[in-house]
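K.L.:
First residue of the sequence shown: 1, per the working numbering; consecutive thereafter.
Wrong hints could be hidden among the right ones.
Said to hold, decoys possible - List time: in silico DSS-like cross-link candidates among lysine-lysine, alpha-carbon distance up to 30 angstroms:
| id | residue 1 | residue 2 |
| --- | --- | --- |
| 1 | 154 | 205 |
| 2 | 351 | 841 |
| 3 | 205 | 181 |
| 4 | 683 | 351 |
| 5 | 311 | 71 |
| 6 | 128 | 54 |
| 7 | 221 | 181 |
| 8 | 221 | 42 |
| 9 | 562 | 631 |
| 10 | 501 | 610 |
| 11 | 523 | 501 |
| 12 | 42 | 113 |
| 13 | 562 | 427 |
| 14 | 311 | 383 |
| 15 | 154 | 42 |
| 16 | 288 | 383 |
| 17 | 110 | 154 |
| 18 | 613 | 570 |
| 19 | 42 | 71 |
| 20 | 227 | 110 |
| 21 | 501 | 409 |
| 22 | 679 | 409 |
| 23 | 227 | 128 |
| 24 | 71 | 54 |
| 25 | 584 | 613 |
| 26 | 319 | 631 |
| 27 | 91 | 110 |
| 28 | 523 | 409 |
| 29 | 683 | 271 |
| 30 | 128 | 42 |
I should point out that these hints are in silico values taken from the structure, not numbers from a laboratory.
From a predicted model like this one, the values you see are computed outputs, not experimental measurements.
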Amino acid sequence: MVDYHSANNQSSSGGVQTYMEQENDWDRDLLLDPAWERQQRKTFTAWCNSHLRKSGTQIENIEEDFRDGLKLMLLLEVISGERLPKPERGKMRVHKINNVNKALDFIASKGVKLVSIGAEEIVDGNAKMTLGMIWTIILRFAIQDISVEETSAKEGLLLWCQRKTAPYKNVNVQNFHISWKDGLAFNALIHRHRPDLIDYDSLRKDDPVTNLNNAFEVAEKHLDIPKMLDAEDIVNTARPDEKAIMTYVSSFYHAFSGAQKAETAANRICKVLAVNQENEQMMEDYEKLASELLEWIRRTIPWLENRTQEKTVNDMQAKQEDFRDYRCVHKPPKVQEKCQLEISFNTLQTKLRLSNRPAFMPSEGRMVSDINGAWHTLEGAEKGYEEWILSEIRRLERLEHLAEKFHQKAAIHESWTDGKEAMLTQKDYETSTLSEVKALLRKHEAFESDLAAHQDRVEQIAAIAQELNELDYYDSASVNARCQTICDQWDSLGALTQRRKESLERTEKQLESIDELYLEYAKRAAPFNNWMEGAMEDLQDMFIVHNIEEIQGLITAHEQFKSTLAEANKEREAIQSIQAEVLKIAQSNGIKLSGANPYTTITPESIDRKWEKAMNMVPLRDNALQDELNKQNSNDTLRATFATQANAVGAYIQAKMEEIGRISIEMNGTLEDQLTNLKEYQKTIMSYMPEINTLEGYHQHIQEALIFDNKYTSYTMEHLRVGWEQLLTTIARTINEVENQILTRDAKGISQEQLYEYRASFNHFDKDHSGALAAEEFKACLISLGYDVENDKQGDSEFNRIMGIVDPNGSGAVTFQAFIDFMSRETTDTDTADQVIASFKILAADKNFITADELRRELPPDQAEYCIARMAPYTGPDGVPGALDYMSFSTALYGESDL
Numbered sequence: 001m002v003d004y005h006s007a008n009n010q011s012s013s014g015g016v017q018t019y020m021e022q023e024n025d026w027d028r029d030l031l032l033d034p035a036w037e038r039q040q041r042k043t044f045t046a047w048c049n050s051h052l053r054k055s056g057t058q059i060e061n062i063e064e065d066f067r068d069g070l071k072l073m074l075l076l077e078v079i080s081g082e083r084l085p086k087p088e089r090g091k092m093r094v095h096k097i098n099n100v101n102k103a104l105d106f107i108a109s110k111g112v113k114l115v116s117i118g119a120e121e122i123v124d125g126n127a128k129m130t131l132g133m134i135w136t137i138i139l140r141f142a143i144q145d146i147s148v149e150e151t152s153a154k155e156g157l158l159l160w161c162q163r164k165t166a167p168y169k170n171v172n173v174q175n176f177h178i179s180w181k182d183g184l185a186f187n188a189l190i191h192r193h194r195p196d197l198i199d200y201d202s203l204r205k206d207d208p209v210t211n212l213n214n215a216f217e218v219a220e221k222h223l224d225i226p227k228m229l230d231a232e233d234i235v236n237t238a239r240p241d242e243k244a245i246m247t248y249v250s251s252f253y254h255a256f257s258g259a260q261k262a263e264t265a266a267n268r269i270c271k272v273l274a275v276n277q278e279n280e281q282m283m284e285d286y287e288k289l290a291s292e293l294l295e296w297i298r299r300t301i302p303w304l305e306n307r308t309q310e311k312t313v314n315d316m317q318a319k320q321e322d323f324r325d326y327r328c329v330h331k332p333p334k335v336q337e338k339c340q341l342e343i344s345f346n347t348l349q350t351k352l353r354l355s356n357r358p359a360f361m362p363s364e365g366r367m368v369s370d371i372n373g374a375w376h377t378l379e380g381a382e383k384g385y386e387e388w389i390l391s392e393i394r395r396l397e398r399l400e401h402l403a404e405k406f407h408q409k410a411a412i413h414e415s416w417t418d419g420k421e422a423m424l425t426q427k428d429y430e431t432s433t434l435s436e437v438k439a440l441l442r443k444h445e446a447f448e449s450d451l452a453a454h455q456d457r458v459e460q461i462a463a464i465a466q467e468l469n470e471l472d473y474y475d476s477a478s479v480n481a482r483c484q485t486i487c488d489q490w491d492s493l494g495a496l497t498q499r500r501k502e503s504l505e506r507t508e509k510q511l512e513s514i515d516e517l518y519l520e521y522a523k524r525a526a527p528f529n530n531w532m533e534g535a536m537e538d539l540q541d542m543f544i545v546h547n548i549e550e551i552q553g554l555i556t557a558h559e560q561f562k563s564t565l566a567e568a569n570k571e572r573e574a575i576q577s578i579q580a581e582v583l584k585i586a587q588s589n590g591i592k593l594s595g596a597n598p599y600t601t602i603t604p605e606s607i608d609r610k611w612e613k614a615m616n617m618v619p620l621r622d623n624a625l626q627d628e629l630n631k632q633n634s635n636d637t638l639r640a641t642f643a644t645q646a647n648a649v650g651a652y653i654q655a656k657m658e659e660i661g662r663i664s665i666e667m668n669g670t671l672e673d674q675l676t677n678l679k680e681y682q683k684t685i686m687s688y689m690p691e692i693n694t695l696e697g698y699h700q701h702i703q704e705a706l707i708f709d710n711k712y713t714s715y716t717m718e719h720l721r722v723g724w725e726q727l728l729t730t731i732a733r734t735i736n737e738v739e740n741q742i743l744t745r746d747a748k749g750i751s752q753e754q755l756y757e758y759r760a761s762f763n764h765f766d767k768d769h770s771g772a773l774a775a776e777e778f779k780a781c782l783i784s785l786g787y788d789v790e791n792d793k794q795g796d797s798e799f800n801r802i803m804g805i806v807d808p809n810g811s812g813a814v815t816f817q818a819f820i821d822f823m824s825r826e827t828t829d830t831d832t833a834d835q836v837i838a839s840f841k842i843l844a845a846d847k848n849f850i851t852a853d854e855l856r857r858e859l860p861p862d863q864a865e866y867c868i869a870r871m872a873p874y875t876g877p878d879g880v881p882g883a884l885d886y887m888s889f890s891t892a893l894y895g896e897s898d899l
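With the hints as constraints, model all of the structure from the sequences given.
P.N.:
Put into structure tokens, the structure is as follows:
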């Protein structure tokens with residue numbers, strides 16, 4: 001039943017008093033209408049009995065049973081919850097008048113002005129006065145305290161009816177008389193609060209008696225509302241009595257007021273659970289994204305740390321192309337994911353602080369610091385990998401050049417040594433004449449000279465083979481085998497040469513003649529021949545250069561070589577003139593030459609052939625050097641183009657980083673304006689991305705051209721990539737900070753002026769403009785704001801408490817976001833665990849536990865199931881099967897215990 005006690009100790013306001021006066025000044029002549037009087041008698045009698053039965057009594061005749069004042073006083077005690085003066089038990093008229101006066105005085109003490117109602121009329125059984133008095137009591141104790149959306153009493157009750165019946169067809173409550181004649185409004189009120197009791201769709205507007213009887217019977221049976229009117233009383237009256245209808249409807253209002261409280265409590269719980277569910281989803285999203293990013297880093301680092309050497313430059317360049325694809329395609333999305341992860345983490349922590357929830361602690365190894373550490377390791381491996389690729393390309397290029405040079409020199413040497421062992425082992429001197437022996441000896445001396453000249457080439461071959469071994473050339477085995485063969489053969493030639501020389505010297509004592517011209521020819525032809533072979537070898541020698549200076553050095557050396565050709569030609573002509581002189585003397589003296597020069601195998605024809613071949617190689621060498629010069633000029637142009645773009649990009653990044661630093665400190669306007677400006681600023685920065693892509697293109701050309709240095713700029717592509725990524729991350733973090741400030745302002749009700757004041761105080765003590773306050777700076781800021789944190793025991797304790805809030809990780813620095821979170825936390829209130837517990841207690845009808853059915857009835861389905869899945873079983877002595885512990889669940893929402 002209805003509890004009116006909560007309002008009985010309050011005095012009526014002026015507006016309510018005026019209304020009561022208007023209602024008390026009713027038109028009593030209307031009671032002359034028998035239909036209205038009958039309706040009021042029946043309704044008021046039922047209303048009084050609904051309260052009197054609590055004391056085990058009731059009335060039968062409303063004007064007769066209140067005449068002695070005893071039941072009237074008892075009625076007032078029941079509905080007010082207060083004790084009236086002791087009634088007089090006498091039977092005399094004066095005793096009855098005194099009892100009625102005590103009741104009327106009590107009514108007047110509640111701020112009700114009784115107009116024309118005296119104790120004598122009540123004692124005399126005046127029906128009009130008695131009904132008027134009861135209506136006054138109903139107004140004061142059943143209707144006056146109804147309040148709905150700033151309206152009260154009659155207007156409040158009418159508005160409540162309109163709100164509750166608005167969704168129902170054929171119901172339009174505009175008053176307390178004819179709007180209720182068809183009975184649909186009564187049924188709609190019941191169905192709105194207890195849909196299980198009424199089948200509203202089965203009701204017909206043209207059957208008011210059935211509708212009214214249905215509502216009255218259901219209300220009496222299930223809602224403990226006594227039947228105050230008969231359906232015929234309402235239907236058969238053109239205009240039902242307004243006071244009777246108001247009295248009846250007020251009983252419905254009070255019967256359902258408990259449901260209103262439950263709805264409010266359910267709304268509060270839904271709000272809290274919605275916040276908790278959203279936060280949990282954000283936590284799950286963070287954990288998933290962090291796990292995926294860490295897994296990608298874990299998979300990528302071994303690839304970057306792999307130092308398996310390749311055999312050729314092309315293979316290493318393929319690795320370089322894979323790395324470039326990683327940098328330009330695979331890594332940028334991960335940079336965005338990392339930035340989004342930090343933003344999500346900061347936003348989640350801000351929401352948790354704003355909703356008075358404990359800070360989110362990610363799973364072990366998934367903190368932002370863990371991700372940053374893994375990212376730092378990734379970038380370290382990345383930098384080392386790129387440097388290794390470049391060094392490997394240089395090494396393999398050097399190896400290929402050396403290997404080709406080795407095989408070229410080895411081929412030339414092997415060609416020279418071909419047949420030398422057979423020559424040194426022949427016994428031709430045993431049957432030769434003295435002149436022939438002398439010739440053989442001179443020829444052998446020339447061979448020794450030639451052999452000595454080739455010593456440098458053998459040493460060069462051995463040195464190249466050694467260098468290939470030191471550089472870990474993949475085909476070192478075949479190089480070593482060929483080098484060993486050459487060295488062994490060289491040792492054999494040396495030994496054979498020594499033995500043949502000794503044999504010729506023993507024979508030389510028996511031989512005297514020798515042709516001085518042949519001898520002179522042989523002596524001059526051999527070194528000249530060696531010079532030509534060396535020149536041809538140099539003209540065919542491969543070269544590798546990395547800049548203009550190196551190729552210009554080769555060109556200068558070549559020009560110096562060409563300047564000696566005229567003198568060499570003179571030597572060639574002089575050598576040829578010796579042979580010509582031999583022929584002239586032989587012809588002049590009729591000497592028949594028996595063959596070639598006995599002292600040398602170098603013929604004039606071979607000298608001319610080699611000279612012609614060498615002269616043909618000179619222009620080829622000129623062209624090769626010029627082509628390389630053109631290539632190096634092109635490379636230098638690439639360097640300059642890259643440097644120009646790199647210097648512009650570097651300066652841009654530096655300028656924007658400085659601007660962002662100033663913007664984050666000197667923000668003006670509202671937070672929305674700041675956010676708009678920052679996002680526009682971010683768009684401006686992102687519009688610069690084509691310049692970065694252009695620079696990447698130049699860098700690709702640089703790498704494809706195997707350019708390893710650049711004297712025109714100090715910037716590297718890696719340096720600029722990192723700077724660009726830091727610029728994008730910094731502006732994203734600045735935008736996130738302003739968004740979190742807006743979130744904090746809206747959630748905590750902080751004014752724009754307060755935020756300006758917080759920012760001004762923070763910037764004043766941020767002397768180094770770092771965006772964070774050191775401990776001493778923060779203490780000075782708190783003192784300026786009126787906090788008692790001076791250097792004494794109590795002040796240090798308070799300061800340490802505050803530092804624990806704003807710097808939970810103990811970093812020694814306080815960010816602006818942490819600062820405004822603390823200031824807003826100090827000045828605003830949020831939902832607490834006690835408030836949530838109180839809301840659950842309402843839903844549980846004051847029990848210390850709640851059941852799953854109660855949760856499903858009062859809460860939306862998803863949030864009801866959320867609670868059921870997380871609430872522990874209730875273990876108290878007053879529990880029932882299936883009881884759930886809502887108290888520990890509520891405290892767990894705020895981090896005070898574990899679910």
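K.L.:
Hints first: check each against the structure and report whether it holds.
P.N.:
These are the hints, each one checked on the structure:
no. : hint      : in the structure
1   : 154 / 205 : holds, 26 angstroms
2   : 351 / 841 : holds, 27 angstroms
3   : 205 / 181 : holds, 10 angstroms
4   : 683 / 351 : holds, 27 angstroms
5   : 311 / 71  : violated, 114 angstroms
6   : 128 / 54  : holds, 27 angstroms
7   : 221 / 181 : holds, 21 angstroms
8   : 221 / 42  : holds, 19 angstroms
9   : 562 / 631 : holds, 23 angstroms
10  : 501 / 610 : holds, 29 angstroms
11  : 523 / 501 : holds, 17 angstroms
12  : 42 / 113  : holds, 25 angstroms
13  : 562 / 427 : violated, 43 angstroms
14  : 311 / 383 : holds, 22 angstroms
15  : 154 / 42  : holds, 21 angstroms
16  : 288 / 383 : holds, 28 angstroms
17  : 110 / 154 : holds, 18 angstroms
18  : 613 / 570 : holds, 17 angstroms
19  : 42 / 71   : holds, 17 angstroms
20  : 227 / 110 : holds, 28 angstroms
21  : 501 / 409 : holds, 28 angstroms
22  : 679 / 409 : violated, 67 angstroms
23  : 227 / 128 : holds, 22 angstroms
24  : 71 / 54   : holds, 12 angstroms
25  : 584 / 613 : holds, 28 angstroms
26  : 319 / 631 : holds, 25 angstroms
27  : 91 / 110  : holds, 28 angstroms
28  : 523 / 409 : holds, 25 angstroms
29  : 683 / 271 : violated, 36 angstroms
30  : 128 / 42  : holds, 14 angstroms
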